[in-house]
Amino acid sequence: MIWQINLVLLSFAVIAALTAISVKDLLSAVVLLGAFSFFMCLLWTEMGAVDVAFTEAAVGAGVNTAFFIAAIYKTTRRTKD
Amino acid sequence: MTRKFVGILIAVIALIALMQGLKDLPKWADPNQPASIHVSPRYIEKGIEETGVPNIVTAVLADYRGYDTLFETAVIFTAGVAVMMLLRRSKR
Amino acid sequence: MIREHEDIVIQTVCRFFIPFMQAYGLYVLAHGHGSPGGGFQGGCILAASFILMTISYDLKEVKRRFSEKLNVLFCSLGVFIYAGTGLVCLLLGGNFLNYGKLSKILPTDPVMARYYGMAAIETGVQITVMAIMVSIFLNLVTAGKHEETVEEEDAGDNSK
Chain A
1 MIWQINLVLL SFAVIAALTA ISVKDLLSAV VLLGAFSFFM CLLWTEMGAV DVAFTEAAVG
61 AGVNTAFFIA AIYKTTRRTK D
Chain B
82 MTRKFVGILI AVIALIALMQ GLKDLPKWAD PNQPASIHVS PRYIEKGIEE TGVPNIVTAV
142 LADYRGYDTL FETAVIFTAG VAVMMLLRRS KR
Chain C
174 MIREHEDIVI QTVCRFFIPF MQAYGLYVLA HGHGSPGGGF QGGCILAASF ILMTISYDLK
234 EVKRRFSEKL NVLFCSLGVF IYAGTGLVCL LLGGNFLNYG KLSKILPTDP VMARYYGMAA
294 IETGVQITVM AIMVSIFLNL VTAGKHEETV EEEDAGDNSK
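Protein chains in written order, with this note's numbering: chain A, 1 to 81; chain B, 82 to 173; chain C, 174 to 333.
Just so you know, the hints here were simulated from the structure itself, not pulled from any lab data.
One or more hints might be untrue.
[Said to hold, decoys possible] Label pairs and their calculated CB-CB ranges:
1) A:25 / B:102: 34 to 42 Å
2) A:27 / C:203: 33 to 41 Å
3) A:12 / B:156: 25 to 33 Å
All residues carry an ideal CB built from backbone N, CA and C; glycine is no exception.
Using the sequences and the accompanying hints, generate a full structural model.
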């Protein structure tokens, strides 16, 4: 574990998470959630948990994003708050 | 304004409390932490000769913890069936 | 799924890409014993190939290749394979999911019988995950009205 790489990846993950909850457009929030999943995937790879990273990349960034986009396609793209 | 201040205060207090608790956790990849001395050595030492699978993660998930994976699959199945029951509108 | 945005470039690229995705999903399942991977990840990759097909083509194409009846059958078939493997071990005199007992019906020693038992249950997990993910996506994207969506797509074809 190299703490510099960990620090950079964790900062990007936190930035992606904070942006995802503060952005108004729900489609952008979903894409940012996918980016967050990818940063978590890189973090897990960096810590040595390759199986978890693989699952995160396949489910969190791949299928989950498609599900959210499908739900937005059928409901609304704007937040109420 | 007051609500925002109270929220930030609560968040900072929770952060300090969590950091205090974090001090007592074992170091990352510490070989003497409780999670590493209970059952992990047996999986690492005997996993390959007992199951013939080089990837220990698969051996633990599918063999030693087979019940867990069975009901994980059942949970996914239940989720899919629930979505089908809630959303599917057949024409007939 | 959105008819107006149909594009020959996207369709050609996806038609080229989807078989490789499916082959990769099967590779992840087959190599789950020696490298990272397994049934869950492979199933998600297979489901992603069908989702890509839904996005680039339309619902009718997906339902022609992977009909809903087959989908529902696959959903339960995976769990059945998993629990059935455990039950076969039980009938052969071991504990539930004790794959070592499979060596009585497989021409291998107990250690390799565990290897093949794990391969069987990973296949079951993969089938269930793939069918469930495709089913959830199709139900979400059409709001459960598959037939009306297919008819709308047909109407869109005629008006062109």
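Evaluation of the provided hints:
no., hint, result
1, A:25 / B:102: 34 to 42 Å, "37 Å, holds"
2, A:27 / C:203: 33 to 41 Å, "36 Å, holds"
3, A:12 / B:156: 25 to 33 Å, "31 Å, holds"
When held up to the earlier numbered hints, the structure conflicts with none and fits them all.
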